[in-house]
Amino acid sequence: MKHVLALLAVLLTMAMPALAVSPDEMLADPQLEQRARDISAGLRCLVCQNQSIDDSDADLARDLRVLVRERLVAGDSDAEVEQYLVDRYGEYVLLNPRFNQHTILLWIAAPVLFIIGALGLLLARRPSTKNGSLTDEERAVLAALEDKPPER
Amino acid sequence: MSIELGHFALILAFAIAVVSAVGGLALWRRGPRLAQVLGQAAILQFVLVALAFLALVQAFVVSDFSLKLAVDNSHSLKPLIFKISGVWGNHEGSLLLWILILVLFGALVAAFGRRLPADLLNLVLGTQSLLTAAFAGFALFTSNPFARLPSAPFEGTDLNPILQDVGLAIHPPLLYAGYVGFSICFSFAIAALISGRIDQAWARWVRPWTMLSWVFLTLGIAMGSYWAYYELGWGGWWFWDPVENASFMPWLAGTALLHSALVMEKRNALKIWTVFLSIITFSLSLLGTFLVRSGILTSVHTFASDPTRGLVILSILAVLIGGAFALFALRAGALRQGGLFAPVSREGALILNNLFLATAVGAILVGTLYPLLLDALTGTTISVGAPFFNLTFGALMAPLLLVLPFGPLLAWKRADLLAAAQRLVGAAALTLFLTILISALGGVSISMAPIGLLLGFWVSFGSVAEVIERSRLGRIPLRDSLRRLIGLPRSIWSTALGHLGLGLTVLGIVSVTAWESERVTTLNPGETTQLAGYSIAFDSFGTVAGPNYMAETGFFTVTAPDGGLANLEAERRIYAASGMPTTEAAIQTYGLSQLYLQLGEPIDDTHVVRIWHKPYILLIWIGALVMSGAGVLSLTDRRLRVGAPRPSARSLPEPAE
Numbered sequence: 001m002k003h004v005l006a007l008l009a010v011l012l013t014m015a016m017p018a019l020a021v022s023p024d025e026m027l028a029d030p031q032l033e034q035r036a037r038d039i040s041a042g043l044r045c046l047v048c049q050n051q052s053i054d055d056s057d058a059d060l061a062r063d064l065r066v067l068v069r070e071r072l073v074a075g076d077s078d079a080e081v082e083q084y085l086v087d088r089y090g091e092y093v094l095l096n097p098r099f100n101q102h103t104i105l106l107w108i109a110a111p112v113l114f115i116i117g118a119l120g121l122l123l124a125r126r127p128s129t130k131n132g133s134l135t136d137e138e139r140a141v142l143a144a145l146e147d148k149p150p151e152r
Numbered sequence: 001m002s003i004e005l006g007h008f009a010l011i012l013a014f015a016i017a018v019v020s021a022v023g024g025l026a027l028w029r030r031g032p033r034l035a036q037v038l039g040q041a042a043i044l045q046f047v048l049v050a051l052a053f054l055a056l057v058q059a060f061v062v063s064d065f066s067l068k069l070a071v072d073n074s075h076s077l078k079p080l081i082f083k084i085s086g087v088w089g090n091h092e093g094s095l096l097l098w099i100l101i102l103v104l105f106g107a108l109v110a111a112f113g114r115r116l117p118a119d120l121l122n123l124v125l126g127t128q129s130l131l132t133a134a135f136a137g138f139a140l141f142t143s144n145p146f147a148r149l150p151s152a153p154f155e156g157t158d159l160n161p162i163l164q165d166v167g168l169a170i171h172p173p174l175l176y177a178g179y180v181g182f183s184i185c186f187s188f189a190i191a192a193l194i195s196g197r198i199d200q201a202w203a204r205w206v207r208p209w210t211m212l213s214w215v216f217l218t219l220g221i222a223m224g225s226y227w228a229y230y231e232l233g234w235g236g237w238w239f240w241d242p243v244e245n246a247s248f249m250p251w252l253a254g255t256a257l258l259h260s261a262l263v264m265e266k267r268n269a270l271k272i273w274t275v276f277l278s279i280i281t282f283s284l285s286l287l288g289t290f291l292v293r294s295g296i297l298t299s300v301h302t303f304a305s306d307p308t309r310g311l312v313i314l315s316i317l318a319v320l321i322g323g324a325f326a327l328f329a330l331r332a333g334a335l336r337q338g339g340l341f342a343p344v345s346r347e348g349a350l351i352l353n354n355l356f357l358a359t360a361v362g363a364i365l366v367g368t369l370y371p372l373l374l375d376a377l378t379g380t381t382i383s384v385g386a387p388f389f390n391l392t393f394g395a396l397m398a399p400l401l402l403v404l405p406f407g408p409l410l411a412w413k414r415a416d417l418l419a420a421a422q423r424l425v426g427a428a429a430l431t432l433f434l435t436i437l438i439s440a441l442g443g444v445s446i447s448m449a450p451i452g453l454l455l456g457f458w459v460s461f462g463s464v465a466e467v468i469e470r471s472r473l474g475r476i477p478l479r480d481s482l483r484r485l486i487g488l489p490r491s492i493w494s495t496a497l498g499h500l501g502l503g504l505t506v507l508g509i510v511s512v513t514a515w516e517s518e519r520v521t522t523l524n525p526g527e528t529t530q531l532a533g534y535s536i537a538f539d540s541f542g543t544v545a546g547p548n549y550m551a552e553t554g555f556f557t558v559t560a561p562d563g564g565l566a567n568l569e570a571e572r573r574i575y576a577a578s579g580m581p582t583t584e585a586a587i588q589t590y591g592l593s594q595l596y597l598q599l600g601e602p603i604d605d606t607h608v609v610r611i612w613h614k615p616y617i618l619l620i621w622i623g624a625l626v627m628s629g630a631g632v633l634s635l636t637d638r639r640l641r642v643g644a645p646r647p648s649a650r651s652l653p654e655p656a657e
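First to last, the sequence lines map onto chains A and B.
Taken in order, the first sequence gives residues 1 to 152; the numbers are from this note's numbering.
Taken in order, the second sequence gives residues 1 to 657; the numbers are from this note's numbering.
Source of the hints: derived by calculation from the structure; they are not laboratory data.
Be aware that one or more of the hints could be misleading.
Claimed, not checked - Which chain B residues face chain A? A few, computed with CB under 8 angstroms, are given here:
1. 141
2. 358
3. 366
4. 378
5. 386
6. 608
Because the structure is a prediction, the values reported are computed rather than measured.
For every residue, glycine included, the Cβ atom is placed at its ideal position computed from N, Cα and C.
Throw the hints in and build the complete structure from the sequences for me.
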């Protein structure tokens, strides 16, 4: 059902299944147009399901695409265009969340989980080696056994 | 009449499930006689739910519009296959399909599990019945698919047009088989925790079920991805949408489970972790199926559901998942660990695999739920989209892919890393050569492309390195090499193929991400445009009537660089019943690459046409097919003994510790 839901969701919010960027919106300067595309891919279509304005067909997405291009033509840098939209629509518009006090947990989640896992593994190993349940003699026997060719 | 029979059968199945659950979980020490009763009850549950499901299918096929569900989701003019798939294209019907697969797996355990220790079987079937009772109860009390209308309309309101596709016929059943199959692992884990007994026989039993579910889930996700690719019409194949993440997390956890169960089966180690993963994997499957229905993920849940329904499903999830983890916390200490090994060993490599996969699951879970939690706690709304997931997931997968080829070359218990590295020298050289060559020829459009290529080739070549070495290709006559290849154990083949499939998928992803080209233009009939060496001519435009829609069709002729001609038709459809418009992209396959053509809204009197060239995109799904094939191959390995094992001294369950 996952994609069914995704498909439905996407569909229901579309005004019309027109398509994303139209030729009439595009800028004549290919370099500027490419920057517009790159910025658009990171901006959320606010009325859509997890779609960027570059992919979306909604009217609002079209308005935003035009807005992005207007700012670029006016000479804004990529960051300035982004900030311009954040000022108006909030950080919700950014598909890639910024690193700040609200998102710090989000950004550090993966590394922290990894470190916890790795530490857990190290700690889990310790008892088996430090247990002291093996005498030196037993260790020697074990080592000899382990040096034998591994079983398949 | 048949609808009432179906309804009655579902009620009966629910009642039997309740009794089986109580009996199995409370009286599990009663041994073989109880097991016999529970086994028969499990098969009976399947027969009854199958009857209920067939009654529903029948109502859809004959367009019985006194059934509310059929009115809401069917139409008499719809092609037969879409009438049938429409049964599960909605909340109530898909829930019944879910339950059907659940009881099917229960019946399979009952049928093939006669050799299991009776106590274990009682607990497994009891847990399985508990799940059936919970979800059949949920269906009956809040989402009854058999509700009738007092006065039947003449015509149904039709299924959402975008769902009228073979994708809906195949994708949900595959995905559900994957999700629900993990319930068996869950039930086995609960049984191990309650009885306090777990041994290698347990792992030998759990692994085939995990493998089977994993194969279904792999196919289901790949199928869904391809469906979204050709149906949604902008050529994307993965969106990191919450619903996709919800299916991807159980897949990652299931992959980890496959590998940890291997360690447990072969070396009797990682027991607690394997039990934990079994619970996690099914819990994520439950989240995947039902969180989207609960109304919590409002952005993606579209099967209209009232708040009570969401509350009920959340309570069921909380009790099942919370109960399982509480049991785990109480009882995990009673399970004895075994099997010592050095850090550099096959076990060590598989643990590393689990560390990366489990972290990836955690990261995706956090990324998916974070915006909801932040909004609920602080009122701040943020988006977590594709860029975040690509970065986080990529950073976790890159090191995993880098070490992956070493794993199968390491010996159990203690291994020689240097020796393994020496056996990979050839693969490494070939990988470097191809990466440099392709980066030089293809141009580096994004900085990550060479790294991606490197990883993709490395995993692909590294996985087959062992097979090639064992065949002693080039050192002995070809005929002898082939004989050696055929004689290799299936487990070696399935490992190599599974990893090769992953490598192919990575290569497809890298290729299409880095070297896709796109052309958006206005075009009129008679005009021609160019893209990536292909020449695309817009021949004509016309209106065509389908069975339950009208289509505006553009006819195109594509000339490939080698001069080959192909005719393409791209459509924009309006469905009669719903008035809903959809687009049908035209896709032409050239080898492993595709040309994807989409007819857009007209501007003034000209047509907007979007064309993408997607180099080697088919590798993404071919890789998934190869992975699934490897899983099937592994299931046919005698040593896994799926199904009824032939009596032999070695297949007897080992005594409990």
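Going down the list of hints, with the structure as the test:
Interface restraint check: residue 141(B) against chain A, minimum CB-CB distance 21 angstroms, threshold 8 angstroms, status violated. The restraint placing residue 358(B) at the interface with chain A holds, with a minimum CB-CB distance near 6 angstroms, inside the 8 angstroms limit. A least Cβ separation of about 4 angstroms between residue 366(B) and chain A falls short of the 8 angstroms threshold, and the interface hint therefore holds. Interface restraint check: residue 378(B) against chain A, minimum CB-CB distance 7 angstroms, threshold 8 angstroms, status holds.
Hint status for residue 386(B): holds, given a least beta-carbon distance of 6 angstroms to chain A, under 8 angstroms. Using the Cβ-Cβ criterion of 8 angstroms, the hint placing residue 608(B) at the interface with chain A is satisfied: the shortest such distance is roughly 6 angstroms.
This entry does not satisfy hint 1, going by the numbered hints stated previously; all others are met.
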